[in-house]
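Guided by the hints, dock chain B onto chain A, whose structure is given.
Residue numbers (my numbering), protein chains in the order written: chain A, 301 to 469; chain B, -4 to 165.
I should point out that these hints are in silico values taken from the structure, not numbers from a laboratory. From the three backbone atoms N, C-alpha and C, an ideal C-beta is built for every residue, glycine too. Misleading hints may appear alongside valid ones.
Here are some chain B residues pointing at chain A (derived, C-beta under 10 Å) [said to hold, decoys possible]:
hint	residue
1	Ser1
2	Ala53
3	Tyr61
This is what each chain is made of:
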Amino acid sequence: MNALGRLLAVGSEWGSYVAPIGGAAGRGLAREVAEEASETIGKQLARQASRELKPVVIGENMKKRVEPYARRIGAETIDDWLAGRKWTLELNAVWVQEMKRQRRRVIDIGPDFARRAKGVAPSTAYGLERRLLKGYLNYERRFLRWRKLRRGNPEIDRHEPWHYILDEF
Amino acid sequence: MEDKDSIDIFFEEYTASLNFLVTDGSYEPPLIDRQSTWGSIIYKVSDLDIALELSLDARDFVVSTYIILFSEASKPEVGYVSLGKVVCLFLEEVLERLIAKFPSVQEDLKQWKVSVERHHKRVRRSLKALKMPDTEVVRELFRTDAQWVAHFLRQYREEIIRYARNYWGL
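Bound-form chain A, shown alone (with noise of 0.2 Å):
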């Protein structure tokens, strides 16, 4: 059942619960409390649908960490919302304000440390990502910083293995 079927399916519960108070009095308090309720465990649904989406990842490097990195946990990236789409700046803006809308949890592998020490700049697209998603609540930061260029996630990123116990996720 999706989130709306589930979603009529309470709200009618709860107003067979109170329709035993009887009259027209009755009636009309129960579809008060029952619309009540439903908005109230609606917001509850839309929030587990939320949870029962994908997260997405972000980062730099999208052939060589941001896609694996997501394979490897099931989760998804811009490729697939943009199926294919060509794109663009602008719809790599529009994507973030959809995921945050659709309160997906976003998950940041951070810089490209390996790149960046050979001398690449910092990306736009994921600078712009970092911004539109400063002080949202889904978002969870998967990877280290350990002075300019070094570290990353230790899962996906190139590494000596005692630098990630300097710090913690």
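Only chain B this time, still in chain A's reference frame:
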């Protein structure tokens, strides 16, 4: 203005510059793959589990050139590392290992970086202004980088493969 996106231009410029790898028979025809945000070209060395991979991050117009352990690094869930083993080396870090034997590599590496950076600055300027860069600027960037990669492979192909074979014990 061309009606092509950066991934199309990437495929055109790199395959044009690196076609010699296939024509002389030492590499297999390129494996080309794309998504909305990236494109990749893989040239596998004939009869060897090693390949050259060019990977475009289309969101940043950054092309990374790798020497990969083909059977591992070409899996979609594998990035730099597989089961704790590095399966993807940057071409430039392999070239840096060759400096002791070929001192001219050092100057070439420096020139490579300088000339690519000059073009990439123009791309970044557009992105910072939240505009997509002009396709001609993108083409120049990719062409310059592709010609440098071709130069290194023409000059040091055997040494690069030898280093990779030793690295992965092949």
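These are the hints, each one checked on the structure:
no.	hint	result
1	Ser1	holds (9 Å)
2	Ala53	holds (6 Å)
3	Tyr61	holds (8 Å)
The structure is consistent with each of the numbered hints, conforming to all of them.
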